[in-house]
Amino acid sequence: MGPVELLHMSVFSQSFSPCGRFLAAGNNYGEIAVFSLSAALSPDASEASQKPILNFTAHDGPVFSLLSTDTHLLSAGNGEISAWSWAELIKKSTKAAWTRKPSYETSLEIPEINAMIINPKDNSLIVGGGDNNIHIMDMETGIFKSVLKGHTDYIHCLCFKEREEEILSGGEDGAVRIWDARTNRPVHCIEVFKYEECARPQFGKWISCLATDSDWMLCGGGPSLSLWHLRSMSPTSVFPLPGCQREAVFYQDLIMSVGEGPHVSHCLHGGTVKAQIPCTPSSLNTLALNLKNSEHRVMTVGGSSHQIDVFTNFSYRAFSLSF
Amino acid sequence: MSLCVRARMSIKFFQLIQLACWRMGSITDDEVIRKRLLIDGDGAGDDRRINVLMKSFTKWCHSSFSPEEGFSQYQRMVTSLAQCEFSMGKTLLVYDMNLKEMENYEAIYADIEKSITSAHEKIAECKKEIQRAKRIRKNRQEYDALARVIKQHPDRHETLKQLEALDKELQELSHIKENVEDKLELRKKQFHVLLTTIQELQQTLENDEKTDSDDTQESPMENGD
Numbered sequence: 001m002g003p004v005e006l007l008h009m010s011v012f013s014q015s016f017s018p019c020g021r022f023l024a025a026g027n028n029y030g031e032i033a034v035f036s037l038s039a040a041l042s043p044d045a046s047e048a049s050q051k052p053i054l055n056f057t058a059h060d061g062p063v064f065s066l067l068s069t070d071t072h073l074l075s076a077g078n079g080e081i082s083a084w085s086w087a088e089l090i091k092k093s094t095k096a097a098w099t100r101k102p103s104y105e106t107s108l109e110i111p112e113i114n115a116m117i118i119n120p121k122d123n124s125l126i127v128g129g130g131d132n133n134i135h136i137m138d139m140e141t142g143i144f145k146s147v148l149k150g151h152t153d154y155i156h157c158l159c160f161k162e163r164e165e166e167i168l169s170g171g172e173d174g175a176v177r178i179w180d181a182r183t184n185r186p187v188h189c190i191e192v193f194k195y196e197e198c199a200r201p202q203f204g205k206w207i208s209c210l211a212t213d214s215d216w217m218l219c220g221g222g223p224s225l226s227l228w229h230l231r232s233m234s235p236t237s238v239f240p241l242p243g244c245q246r247e248a249v250f251y252q253d254l255i256m257s258v259g260e261g262p263h264v265s266h267c268l269h270g271g272t273v274k275a276q277i278p279c280t281p282s283s284l285n286t287l288a289l290n291l292k293n294s295e296h297r298v299m300t301v302g303g304s305s306h307q308i309d310v311f312t313n314f315s316y317r318a319f320s321l322s323f
Numbered sequence: 001m002s003l004c005v006r007a008r009m010s011i012k013f014f015q016l017i018q019l020a021c022w023r024m025g026s027i028t029d030d031e032v033i034r035k036r037l038l039i040d041g042d043g044a045g046d047d048r049r050i051n052v053l054m055k056s057f058t059k060w061c062h063s064s065f066s067p068e069e070g071f072s073q074y075q076r077m078v079t080s081l082a083q084c085e086f087s088m089g090k091t092l093l094v095y096d097m098n099l100k101e102m103e104n105y106e107a108i109y110a111d112i113e114k115s116i117t118s119a120h121e122k123i124a125e126c127k128k129e130i131q132r133a134k135r136i137r138k139n140r141q142e143y144d145a146l147a148r149v150i151k152q153h154p155d156r157h158e159t160l161k162q163l164e165a166l167d168k169e170l171q172e173l174s175h176i177k178e179n180v181e182d183k184l185e186l187r188k189k190q191f192h193v194l195l196t197t198i199q200e201l202q203q204t205l206e207n208d209e210k211t212d213s214d215d216t217q218e219s220p221m222e223n224g225d
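Here the protein sequences come in this chain order: A and B.
The first sequence runs 1 to 323 under UniProt numbering.
The second sequence runs 1 to 225 under UniProt numbering.
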């Protein structure tokens with residue numbers, strides 16, 4: 001990997017292992033790197049422990065989405081989903097457990113897969129991508145059981161509401177659609193760009209990040225990052241962040257979001273931006289919180305750089321892992 | 001002074017130092033002896049005094065002095081003995097002091113241990129408090145956000161009042177409409193009565209005219225006969 005390739009690398013996705021001690025990151029060259037967090041966070045960490053323990057090419061195209069189940073790491077590239085066993089990855093074996101493709105209507109193009117989530121209630125995998133549809137696959141049998149159609153442009157992000165078993169999807173067409181997971185029917189459609197307080201026509205109408213926390217929803221992208229109350233379907237707070245936000249999460253009483261701009265923004269539900277923590281990449285694509293393991297409770301962000309910043313105390317950058 | 005007394009004194013001296021050192025830390029016998037030899041040698045200090053005392057005592061016993069010289073020798077020996085006793089008393093006090101210092105340090109150590117555990121407990125408590133406070137802050141923020149949205153809608157009382165006023169207006173208007181309709185009915189009936197009477201009168205008048213014209217037609221016909 002020459003210096004020019006390193007310069008042009010972007011990290012698109014991250015996922016922590018089920019035990020919480022390893023981090024997998026996917027980049028635009030189709031590679032997945034596995035980092036050992038316990039080595040990097042230990043008191044006698046060195047330069048070498050900030051390099052991946054395993055780095056392999058998983059897909060032809062960029063790895064846009066990574067997801068961890070209890071035993072496997074799922075990665076999505078150009079139109080196909082591969083599963084890798086975490087136990088095998090830790091032992092440095094790079095053989096995929098399985099590779100599957102959703103059934104696409106046209107066989108001419110292979111649309112990329114942008115987002116994957118798991119429905120824990122019926123153990124199914126929900127993927128959304130370039131063909132404007134959401135495909136649902138049963139994890140045990142591997143059969144793609146249903147397709148949710150409704151978006152008119154490709155899907156950027158997916159989210160799942162556990163209590164009501166609803167799938168939320170945000171896409172390039174600016175609509176956030178809510179689907180019922182049990183009956184696979186559309187329930188609501190919110191066109192965020194039509195609301196004056198959120199809309200930013202200079203950036204466009206696309207929605208690139210979605211997050212939910214029981215009755216509340218965060219969505220952002222072209223329109224400003226805004227907090228919505230889902231029962232009344234109304235925007236309650238709009239966050240005055242200058243760039244387009246690519247990923248946002250709810251954490252305790254804060255909202256953390258990353259996007260254009262070399263910082264992580266901490267915001268409060270009321271609409272104020274509490275802090276902006278600087279990071280090394282010039283713009284960020286992905287944010288991940290390791291809440292499964294209380295010893296290695298870190299936040300990692302990656303973006304348009306070959307370095308992934310690690311935050312042990314969420315208020316400042318501790319160190320960086322690099323590809 | 002007999003040899004055994006001297007021996008006992010020096011042994012006691014040696015034991016005191018050893019005890020003091022042992023209490024202060026785990027120093028071995030060798031170190032004590034080494035230290036003692038270094039400091040005292042056989043030249044300086046109490047041991048020398050004891051040696052000198054013993055020598056002068058034996059000399060005093062065996063030699064024949066004049067009474068004054070003998071007495072002065074005796075005085076010198078008594079002073080020397082007093083000095084030895086004084087230094088022994090001093091060492092005993094130092095030993096007591098060391099014991100008390102040790103107790104003091106142990107008490108402080110126990111105190112510090114207790115305060116460390118209580119500080120740990122306080123930290124855990126504070127962490128729980130922080131979690132509670134964060135939850136409360138989040139709830140408050142959500143409440144505020146919803147309240148802002150709700151405030152944008154008009155007040156419920158006002159809308160109710162407007163509804164009531166509209167209701168009243170509606171009622172009044174329907175009242176008026178009923179009255180007007182009743183009046184209309186009444187007028188219709190009155191006109192109907194009027195018209196029928198007019199028509200009947202017309203009929204009677206016509207009938208009368210007819211009978212009148214019939215009468216006049218019949219009478220000339222009778223005259224012509």
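The reader is advised that the hints may include incorrect statements.
[Stated by the list, open to error] Listing some non-contacts, in silico: residues in chain A with all C-beta distances to chain B over 10 Å:
| # | residue |
| --- | --- |
| 1 | Asn-28 |
| 2 | Gln-50 |
| 3 | Thr-141 |
| 4 | Phe-193 |
| 5 | Arg-200 |
| 6 | Lys-205 |
| 7 | Thr-236 |
| 8 | Ser-237 |
| 9 | His-269 |
| 10 | Gly-270 |
[What the hints assert, rightly or not] These stretches of chain B come out as covered by chain A in the derived footprint (C-beta under 8 Å, 3 or more residues):
| # | segment |
| --- | --- |
| 11 | 86-94 |
| 12 | 146-152 |
[Unchecked claim] Just some of the chain A residues that point at chain B, by a computed CB distance under 8 Å:
| # | residue |
| --- | --- |
| 13 | Trp-216 |
| 14 | Met-233 |
| 15 | Ser-234 |
Since the hints were derived computationally from the structure, they do not count as laboratory data.
From the three backbone atoms N, C-alpha and C, an ideal C-beta is built for every residue, glycine too.
Now the hints, each set against the structure:
1. Asn-28: 36 Å, holds
2. Gln-50: Per Cβ check, Gln-50(A) is outside 10 Å of chain B; nearest 30 Å; holds.
3. Thr-141: 40 Å, holds
4. Phe-193: 19 Å, holds
5. Arg-200: 20 Å, holds
6. Lys-205: Holds, since 22 Å exceeds 10 Å.
7. Thr-236: Per Cβ check, Thr-236(A) is inside 10 Å of chain B; nearest 4 Å; violated.
8. Ser-237: 5 Å, violated
9. His-269: 3 Å, violated
10. Gly-270: At about 5 Å from chain B, Gly-270(A) fails to clear the 10 Å cut-off, so the statement is violated.
11. 86-94: violated (count 0)
12. 146-152: holds (count 3)
13. Trp-216: Holds: closest Cβ of chain B sits about 7 Å from Trp-216(A), inside 8 Å.
14. Met-233: 11 Å, violated
15. Ser-234: 5 Å, holds
Violated hints for the displayed structure, listed by number in ascending order: 7, 8, 9, 10, 11, 14.
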